[in-house]
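Following the hints, complete the assembly by docking chain R onto the known chain U.
Order-wise, the sequence lines are chains U and R.
Using this note's numbering, you'd call the opening residue of the first sequence number 1 and step up by one each time.
Using this note's numbering, you'd call the opening residue of the second sequence number 1 and step up by one each time.
Read the hints as simulated data drawn from the structure, not as lab findings.
Hints are not guaranteed to be accurate.
Cut-off 30 Å, straight-line C-alpha distance, at most; resulting in silico cross-link-like pairs (BS3-like, lysine-lysine) [unchecked claim]:
#1 U:K227 <-> R:K431
#2 U:K194 <-> U:K227
#3 R:K600 <-> R:K543
#4 U:K227 <-> R:K488
#5 R:K368 <-> U:K227
#6 R:K488 <-> R:K566
#7 R:K660 <-> U:K182
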Amino acid sequence: MKTIKLILASIILSMGATSCSKEDDSPIIEENPMAQFNMVSQMEANGHTVELYADGEGFTTGYNEIYIRIKDNDRETYFANPKITWTPMMYMQAMMHTGPKSLLGATENNTVLKGYLVFQMAGNEDEYWDLTLNYKVEGTEYTVKKNIDVNHPTDGKQKVTTFTGSDNVKYVLAMVSPQKPKEGLNNMAAVLYKMESMKEFSLVENYTITLDPRMTSMGNHGSPNNKDLTYDATSQMYQGQLSLSMTGYWKLNLKVLNESGELLKGEDVTEENEASSLYFELEF
Amino acid sequence: MKVKESVQRVCHTLLALYKHGLCKGIVMGCVAFPSFISAQELVLPQDSIIMINLEEVIMISAQKAFNFRKQAKPLSSLDEFLESSKKVAMVKRGGYAWEPTLNNMFSERLSVTIDGMRIFGACTDKMDPITSYVDASNLSKAHIASGQQGAKHGNTIGGAIDLELDKSNFRNTGFRGGVESGFEGNNQQSIIGGELNYSGAKFYADTDIIYRKTENYKAGGDKEVLFSQFTKYNISANLGYKLTDDNAITASFIFDEARDVGYPALPMDVSSAKAIIGSIGYEQDSLGGRLQHWNSKLYMNTITHVMDDTNRPDVAIHMDMPGWSDTYGFFSEARLNGDSNKLMFKVDGYYNRSLAEMTMYPQDPNEKPMFMLTWPDVRTANGAIYVEDELSLKGSSLKIATRIALQNQNVADEFGLNSLRIFYPEMEASKPRFLKSISGQWHKMWMPWHLNAGVSYGDRAPSVTEGYGFYLFNSFDNHDYVGDPRLKNEKSMEVNAKLSYVKPKFNISAEANFFHIPDYIIGVVDPSLSAMTLGADGVKMYKNLSYARLFNTSLDAEYALLPELKWTGDVSYHLGTDNQGANLPFISPLSYRSGVQYDKNTFSVAVKMSGATKQVNYNPEYGEDQTLAYTVFSISIGKTFYMNNDSIMAKVGVENIFDKEYSTYTDWKNIPRMGRNIFLTLTYSIK
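If we strip away everything but chain U, and leave its shape as in the complex, we get:
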């Protein structure tokens, strides 16, 4: 009997030990967790390489979901649980300003952090974006900064829009999904930011974004069963439903209403008014 208890105790203890070991800071070694993404930027400084990954080929105007990890160049390994903050900055001829960004949060792999940036505009010959990263690994803080190329999406479709609301506030609205629209009902998500200053954007909660997709090449007809976008606190995004009854070019006409239902921007689509001044575009 005693031996059984002993065995049981040791089993329980060893289980505790193994589960504890998951909490430690040793990097999880596995096949490259970023294999299915493209490296869109690589910043070398401080004996480290900061790698930025995305789904697409590079940074584009609009919503960019980005994965970051930091490599120790000497050890050829990635730091576990790095603490990173980031700041994009646009240098225009007359001024400079930042853009909306999320916090960087953990992913399943403890060497990789995930977040998003929204670029309101593309860079060009005279104007450019850079990205500053402040990070802390193994108790030491570092900074790295690099210019990045932000281009319009290859299909040229509008996925982000900046507007001044009837409340005289500047907003940035960016489409998060669908990234790959399909025939039928699509989950639609968007993020809305308020421009507090040139250097700060804040997340806007509890507004409503109405949705009215139209096929402009075919009599501007709409589609049934769309759902307006409402704020979802869990994802911190506006979620709704987009109905696409055929393939082709769709203009997603939008209106933004504040918590009290007051119209801040956008117009209804009517016989006389073909489109809202606030819209996204997609084509598939």
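Chain R in isolation, oriented as in the chain U frame:
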């Protein structure tokens, strides 16, 4: 000028055949296999079955040489033949491919088959009724059965049309051949066809080819109806081989293609509508015990339909709308003849795949084409048993029939399923249904009086369009239609009665039927939806009305003034209302027909009149407007010339003699019917 050309063409063809020595061979063959056509075979057996069934049989081209003489217009299209039926009306969207309706019900409520084979059109806009994929030249008869009496080949509400292929069926007729040519003045239609048949006790082979080409037709008053042209050709072959005295294998094959078909009532035309229809069969006289006439068939058909609008001027947005429909099926039937009853058993099944798509090309060439599936690759599997029994009672007879079917429809295309889930997010890809039909038909005779009466119940599944159609534009009421896979089966409760007085020289009959149709399927406007088609007024969703009612009644008479001079006449009246008492669309006003036919030896004359009164019961809500009254007249004269064994039959005639400009309640968007039309037909038969 054209007439002369056609005559010349026939003569050239005949000359060529002679030169080729083919005819000599045929003549030799005839010597070796003495052929005959007995007039007896051609008379319809007026037996009790027909009296019970109230089935109408239209002779088309059975045994052409004999039968053509009796027909007013021997080389008319199948559509024209069907229109001569008392029960059938043809919906016209142009000069070609009219859609048959029976008891004022359309294709989805009918069972239309070719030799019992199920075929489904591939056009979402009903431009290709099944009847457009055969030609009168290779059909012998059309069997038209009203209501549940048509349940033999499929579930139906309104009735059935079964087109019977023309086969020699081991009759000992040896080689026979024929060349036929026709010309019609109004639309400059030229028709040329030929057939070559061999039939003996052991083996038969029938082959047939026909080509028709028309230009636009002209309505009364010489008004050209643009986009009403068509070209069609049809090749068919039927084979039979007797394995023993008791059993035989058969095969049939049809290739049919229509090209450059205009549909003046629709916004689009058809560049090609093609069907390949094939079957193999096995027939055995007895199947052990008292089971007899065992007949089985395996069949398949494939239809490709290409709709386009490239010939239309001022099209805001060009569209391609191809459709495909493939069907594989079988049936097997046998009879059991008892002392006082005749039983028939049939099992059948089919598998159909219907797919149609629409691609629209934006004017901005940089934009991607817009695409949708209008029929989302719907796979329908249907299996059924049918049993009928004909009982002889004391002084009367009773026929009872039942059909039980299991059907499943499955949306095989993910894209299409997602499209429909816009409307029905919870929709399953697969939908099973159970279908049934039961009918009783009673016949009592007190010479010369006959009384037929029947009651029946049946149901049908929604058609692919009604269940799964996605933004299908209907130009009649100018709405887009969206199907609903959750629709309930449409049911029908029917009563019918017919009283006839039949004497050799005179007969008259009065007939009526009434349908109460719970869950009647029809499109209902949904004001919350926005139309997809440019210029459409809105969107209609298919719904089950709580019920609709249809009533049809007719009186027809025939009187032989002289043995060779016969008068026929009929008049019919129809009503159809929905559950609110509002009129249903496409219900005939009072219509009438009358004709005199003179037949003596080789000479025949027929004068006919037909017309309708002003339409009173119509419904603008269903896109209908009032159709005015009309009466039109036609005449035809025929003469047969014999040369040795061969014969040439010539027929000339004028339709719509007074060039009346008119349209009927079945004319889509009131496109006018053909004005005065002079036709000429020449048939050269070689025996």
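For each hint, the structure was consulted:
1. With a CA separation close to 28 Å, the supplied pair U:K227 and R:K431 stays within the 30 Å bound.
2. Of the pairs offered as hints, the one joining U:K194 and U:K227 holds, with about 23 Å between alpha carbons and a cut-off of 30 Å not exceeded.
3. At most 30 Å may separate the alpha-carbon atoms for a hinted pair to count; R:K600 and R:K543 exceed this at roughly 56 Å.
4. For the hint linking U:K227 to R:K488, the alpha-carbon distance of about 29 Å falls within 30 Å, and the restraint holds.
5. Taking the CA atoms of R:K368 and U:K227, the gap is about 25 Å. The hint holds against a cut of 30 Å.
6. Restraint check for R:K488 and R:K566: the C-alpha separation of about 49 Å exceeds 30 Å, so the hint is violated.
7. Note on R:K660 and U:K182: the hinted pairing is violated, with a Cα-Cα distance of about 54 Å set against a maximum of 30 Å.
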